[in-house]
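Input sequences plus hints: build the corresponding full structure.
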Amino acid sequence: MERPENNKWLDEALTETIGSEKPRTDFEQWKKQHPDAVKMLTSRAGKEASVSPARLKTRRTIMTSTITKLAAAAVIAIAAIAGIYQFNNTDKNSTIPTDTLVAGPQTFKLADGSEVTLAKGAQIRVNNAAGTRGFEHIAGVIDVSVVKGLGEFIVTTPYGNVKALGTEFTLDMVDGITADTKEHIQLLAVEVTEGSVEVSNTKGASILKEQQKLVVEKDQAPYNVSQDGNVPARLKERMTALVDAMEAGDAKAYTVNYNFNYLYKLIKGEVEYDSNLFGGTEEDAKRLQQNLGNIESAKALGEAFVQAVNIKEPTKVYLRDIEISEDGKHAKARLLTGKAPISMKGSFPQWHYFDNDWWQVDD
Amino acid sequence: MDLNSETQLVEAAQNGHLESFGALYERYHSPMVALSYSMLADRDLAEDAAQEVFAIACRDIESLKSKERFAAWLAGICRNVSRQMLRANRNKPAALSDKHAAQSEKDCGDRRDTIRRAVWNLREAERELIVLRYFDGFSQARISEVLGLSPQVVNGRLVRAKRKIAKYLKRNGFTGDDYGTS
Chain G
22 MERPENNKWL DEALTETIGS EKPRTDFEQW KKQHPDAVKM LTSRAGKEAS
72 VSPARLKTRR TIMTSTITKL AAAAVIAIAA IAGIYQFNNT DKNSTIPTDT
122 LVAGPQTFKL ADGSEVTLAK GAQIRVNNAA GTRGFEHIAG VIDVSVVKGL
172 GEFIVTTPYG NVKALGTEFT LDMVDGITAD TKEHIQLLAV EVTEGSVEVS
222 NTKGASILKE QQKLVVEKDQ APYNVSQDGN VPARLKERMT ALVDAMEAGD
272 AKAYTVNYNF NYLYKLIKGE VEYDSNLFGG TEEDAKRLQQ NLGNIESAKA
322 LGEAFVQAVN IKEPTKVYLR DIEISEDGKH AKARLLTGKA PISMKGSFPQ
372 WHYFDNDWWQ VDD
Chain U
285 MDLNSETQLV EAAQNGHLES FGALYERYHS PMVALSYSML ADRDLAEDAA
335 QEVFAIACRD IESLKSKERF AAWLAGICRN VSRQMLRANR NKPAALSDKH
385 AAQSEKDCGD RRDTIRRAVW NLREAERELI VLRYFDGFSQ ARISEVLGLS
435 PQVVNGRLVR AKRKIAKYLK RNGFTGDDYG TS
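Same order as they appear, the protein sequences are chains G and U. Here the first sequence is numbered in this note's numbering, starting from 22 and rising by one per residue. Here the second sequence is numbered in this note's numbering, starting from 285 and rising by one per residue.
Hints were generated in silico from the structure; no laboratory data involved. Here a beta-carbon is modelled for each residue, glycine too, at the ideal position from N, C-alpha and C. Any given hint could turn out to be false.
To be clear about the criterion: a stretch of chain U counts as covered by chain G if any three or more of its residues have a C-beta under 8 Å from a C-beta of chain G, and this derived list gives those stretches [said to hold, decoys possible]:
1. 320-334
2. 398-411
So the derived list for chain G, only partly shown, Cβ under 10 Å to chain U, looks like this [claimed, not checked]:
3. T36
4. A58
5. R65
6. G142
7. G197
The following block contains the structure:
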């Protein structure tokens with residue numbers, strides 16, 4: 022019997038069904054549609070030690086010139102002397118040629134003794150030539166520990182500069198597309214462990230103190246919720262508790278922000294539905310009444326929420342900003358959750374001030 | 285495949301040489317559309333996914349350590365982006381959707397729809413090969429390059445996949461007679 026996979030009719034059937042017009046491959050069009058990606062790639066040109074094919078083609082011609090050979094010999098001699106000098110005056114880790122690209126995972130020691138710990142996927146570019154302390158942050162998550170007492174230390178990034186004087190901080194550069202809304206996210210998250218840093222770009226500047234976090238998005242001023250004068254202190258506490266709970270994957274801590282006394286009364290029909298106090302629709306409220314109508318107490322309701330809430334494991338959270346209503350009683354935050362660049366999602370928790378406190382009313 | 289040439293292109297692209305990245309784009313755009321199509325079963329979505337795949341590759345190519353594994357790395361990005369789009373659309377593959385079935389019926393009756401079902405019932409690894417083979421007529425050698433598999437593995441999987449499709453079609457009453465050959 023003929024093997025079915027060798028049947029000509031099967032090839033014809035598959036070609037007819039799957040076969041398609043050849044995709045239109047147009048790199049010029051693609052470049053126009055992805056200027057940011059193109060910019061990121063071309064920004065590396067001329068900064069690396071490696072040689073592009075175009076340069077390889079010209080090398081042979083240039084090196085045939087006698088003057089060029091003499092000049093090259095001189096350069097090599099100078100470079101050798103400089104290399105010996107550097108080898109004798111620094112340890113192995115801090116012997117860095119000009120413009121060196123460093124990729125994680127590793128801990129890299131800079132010439133001044135400061136250390137940068139790069140996570141997998143993180144990259145920095147180090148340049149000793151300028152004589153200033155610091156480096157360029159290109160991608161990923163890095164922890165920086167700056168040696169004190171040696172003057173200004175600046176980390177440059179595409180979204181702003183981070184200036185530190187003897188401190189420890191973490192930089193997390195995000196460049197990806199949100200899984201749900203397909204928004205292109207480009208931001209730098211800064212978290213200070215010790216000391217303080219100043220984050221600045223052309224749109225503004227913000228001083229970040231110990232244990233504070235900040236997000237600076239492309240072409241936006243740095244946003245530091247701790248220094249947002251429009252946000253009440255109690256709401257900042259609530260917001261911080263929510264972020265901490267999500268980052269810890271702690272469902273119980275997450276539900277602390279909800280007013281279960283009010284929700285219990287709503288379920289029991291003791292108060293009327295109010296969209297400001299209950300984040301969902303009236304139908305959502307009715308569904309809640311149907312499903313939890315037999316709940317015995319506000320405490321039991323809280324315990325049921327802990328089981329139901331979708332906080333199962335730690336997740337990264339970036340707080341982009343908080344918007345306060347004109348009457349000052351309602352707040353809406355913009356968060357990003359999940360791991361960049363593939364698993365990020367937008368989240369928009371809301372709060373309302375009632376029963377003498379700020380309560381989360383929606384997520 | 286000219287491996288050295290491709291490795292040089294990747295290295296040059298990693299150093300910011302846009303034309304080299306363009307050459308890689310020209311070389312792999314069509315296979316990425318086909319690979320994405322094998323998961324999404326929707327030509328338009330597959331084209332969108334391929335665009336996104338190269339945007340990610342353009343941004344992240346610096347992180348690629350094994351330059352000779354560029355194609356497999358790109359295919360990995362493509363699978364991730366396609367899965368993400370599949371989840372975002374929250375649809376079963378369009379090949380099996382009512383809308384697509386209705387269109388198929390209008391075009392060619394049940395026959396094409398049944399063949400599509402046979403293909404999309406395959407395991408992902410087999411379906412990728414079948415779609416790459418028949419979407420744009422890629423040779424087994426080209427598929428082997430794109431997916432980073434040995435030619436023997438590609439051939440073996442193709443044979444098994446076609447055998448499963450033939451069995452499925454036979455069970456549903458389709459034979460070579462429908463095509464005038466056997």
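Evaluated hints:
| no. | hint | result |
| --- | --- | --- |
| 1 | 320-334 | holds (count 4) |
| 2 | 398-411 | holds (count 3) |
| 3 | T36 | holds (5 Å) |
| 4 | A58 | holds (4 Å) |
| 5 | R65 | holds (3 Å) |
| 6 | G142 | holds (6 Å) |
| 7 | G197 | holds (8 Å) |
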